[in-house]
Amino acid sequence: MIYVKDARLNQTWNEVSHGGIMLKGGTSLEVNTGDWRTFVPSWIEEKCKQCFLCFPVCADSSIIIENGKRTDFDFKHCKGCGVCYKVCPFDAITFEKEDK
Amino acid sequence: MAIRERLSGNEAVAVAFKQMDLDVMAAYPITPSTEVPQYFSQFVADGVVQTEFVAVESEHSAMSACISAAAAGARAATATSACGLALMWELLYVASGSRVPVTLALINRALSAPININNDHSDSMGARDSGWIQIYSENNQEAYDNQIMSVRIAEHKDIMLPVMVCQDGFITSHAIENIELLEDDAVAKFVGTYTPQSSLLGGKPISVGPLDTPQFYFEHAYQRAHAMIESKKVILDVFKEFADLTGRAYGLFEEYKMEDAECAIVVLNSTAGTAKYVCDELRAQGKKVGVLKLRVFRPFPIDEIKKALSHLKAVAVMDKSDCFSAVGGPVFADVRNACYDLETRPQIINFIYGLGGRDVRVEDLKHVYSALDEIVRTGHLGKIYRHVGVRGV
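Chains as they are written, first to last, in our numbering: chain A, 21 to 120; chain B, 130 to 522.
Each hint should be verified, as a subset may be incorrect.
[What the hints assert, rightly or not] Distance condition first, Cα-Cα at most 27 Å in a straight line; then the derived DSS-like pairs of lysine-lysine:
1. B:K417 to B:K286
2. B:K333 to A:K44
3. A:K99 to A:K67
4. B:K369 to A:K44
5. A:K120 to A:K44
6. A:K96 to A:K120
Hints listed in this document are in silico derivations from the structure and should not be mistaken for laboratory results.
Please put together the full structure from these sequences, using the hints given.
See the structure below:
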């Protein structure tokens with residue numbers, strides 16, 4: 021069996037892991053999947069009451085909680101689904117078409 | 130000391146699983162393979178094995194559980210038939226693609242519709258392209274022996290492909306025959322323990338079955354194809370080691386009275402027994418006939434088959450399934466392909482036979498040999514895609 025820690029584009033068939041097995045977890049953090057987004061949420065800090073209704077519904081763990089406080093979005097992984105915008109009772113999240 | 134017993138094909142396979150003390154069996158009942166998990170769950174209940182028996186809700190789940198267990202470092206196996214294998218379809222490819230060495234006892238049965246619970250090979254032949262190694266068994270002894278050998282092949286570090294061991298539903302699965310079993314410790318020693326270099330429970334975190342983008346999928350597909358090519362050598366090594374242990378020597382196929390034969394039948398599973406009987410009768414009448422019994426169908430032993438058939442005048446390839454290509458069955462396609470590179474080729478015809486449990490009689494196989502005899506006598510190939518045993522054809 022061949023196992024590798026990191027997949028690289030120049031690896032030949034006998035260098036890549038058998039079956040694509042990866043010898044570490046959490047590799048999705050390294051990949052910019054935020055560019056799949058067509059709509060983007062914005063966080064308005066002044067309006068935010070830190071009620072924490074938004075972060076549990078985020079499908080991509082893209083709402084970061086630090087030291088017991090909600091901080092800005094992780095736009096490298098946010099897919100722009102709009103669920104956080106929908107649940108926010110304080111209009112602290114806007115949701116608009118993203119210009120690229 | 131070998132143990133002399135009388136067992137059905139299903140019980141023989143269950144005993145093989147018991148003796149290798151699987152870590153996990155996940156199975157769902159389906160005729161005619163039901164007895165395999167049934168006997169095995171009794172071993173679990175009696176505490177004679179340490180196996181985790183997972184009573185899943187479908188065959189899709191059975192194969193999923195086996196794949197996950199194998200990825201976690203367990204030796205996992207299941208048994209099924211017909212529609213059960215069809216429901217595993219998606220996961221058959223996941224098993225081979227994820228390179229987990231799951232083993233499967235396939236008790237061959239016809240696929241619906243119309244619904245039929247009897248034997249033919251439409252289940253396993255449909256799965257021939259799924260990246261599984263396929264080994265076929267003429268009788269209970271072979272089913273037992275093949276099942277024991279299958280884990281050694283599947284778990285070999287250079288192979289890591291799943292293996293299905295096939296035998297004919299009811300014909301051998303439910304027929305009680307004399308059988309020679311190995312002692313438990315001999316099996317334990319032969320199969321050893323499954324120790325993957327890395328697994329989900331191996332201490333370090335790994336990811337199994339991640340998204341494979343166009344930049345990597347092709348390399349992984351080539352790896353699997355390469356492993357299938359390489360598996361032939363491993364299979365022969367395991368067969369050799371098993372022969373040294375038991376005295377029962379197996380090859381990729383068995384050649385029966387082929388040396389001076391002019392005509393031969395290519396066949397797999399239980400019909401090989403009938404074919405040898407018919408061959409003997411015809412030999413007694415002075416006819417130069419033989420039988421080639423395929424055992425390993427995936428990987429397909431193309432060079433060896435080519436060599437074994439090279440001296441023949443006419444060959445009938447028997448298919449107990451029809452792939453509905455309108456030109457012949459799956460075994461035929463591969464066997465004829467193997468002969469293409471020969472400078473002088475035998476004439477090759479195909480017979481679809483025994484579908485849905487249609488009895489395969491001595492007369493049927495005599496009809497096949499006489500068709501070959503006619504081709505040799507007249508030099509006229511005639512129809513290539515033929516059927517035997519179906520009314521009105």
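Taking the hints in turn, this is what the structure says about them:
Our distance criterion of 27 Å between C-alpha atoms is broken by B:K417 and B:K286, whose separation comes to about 44 Å. For a cut-off of 27 Å, the pair hint linking B:K333 to A:K44 stands: about 7 Å separates their Cα positions. Annotation: proposed proximity of A:K99 to A:K67 holds, straight-line Cα distance about 23 Å (limit 27 Å). Among the hinted pairs, B:K369 with A:K44 is inconsistent with the structure: their alpha-carbon atoms are about 38 Å apart, more than 27 Å.
At most 27 Å may separate the alpha-carbon atoms for a hinted pair to count; A:K120 and A:K44 exceed this at roughly 33 Å. As the CA atoms of A:K96 and A:K120 are separated by approximately 14 Å, the hinted pair is consistent with the 27 Å bound.
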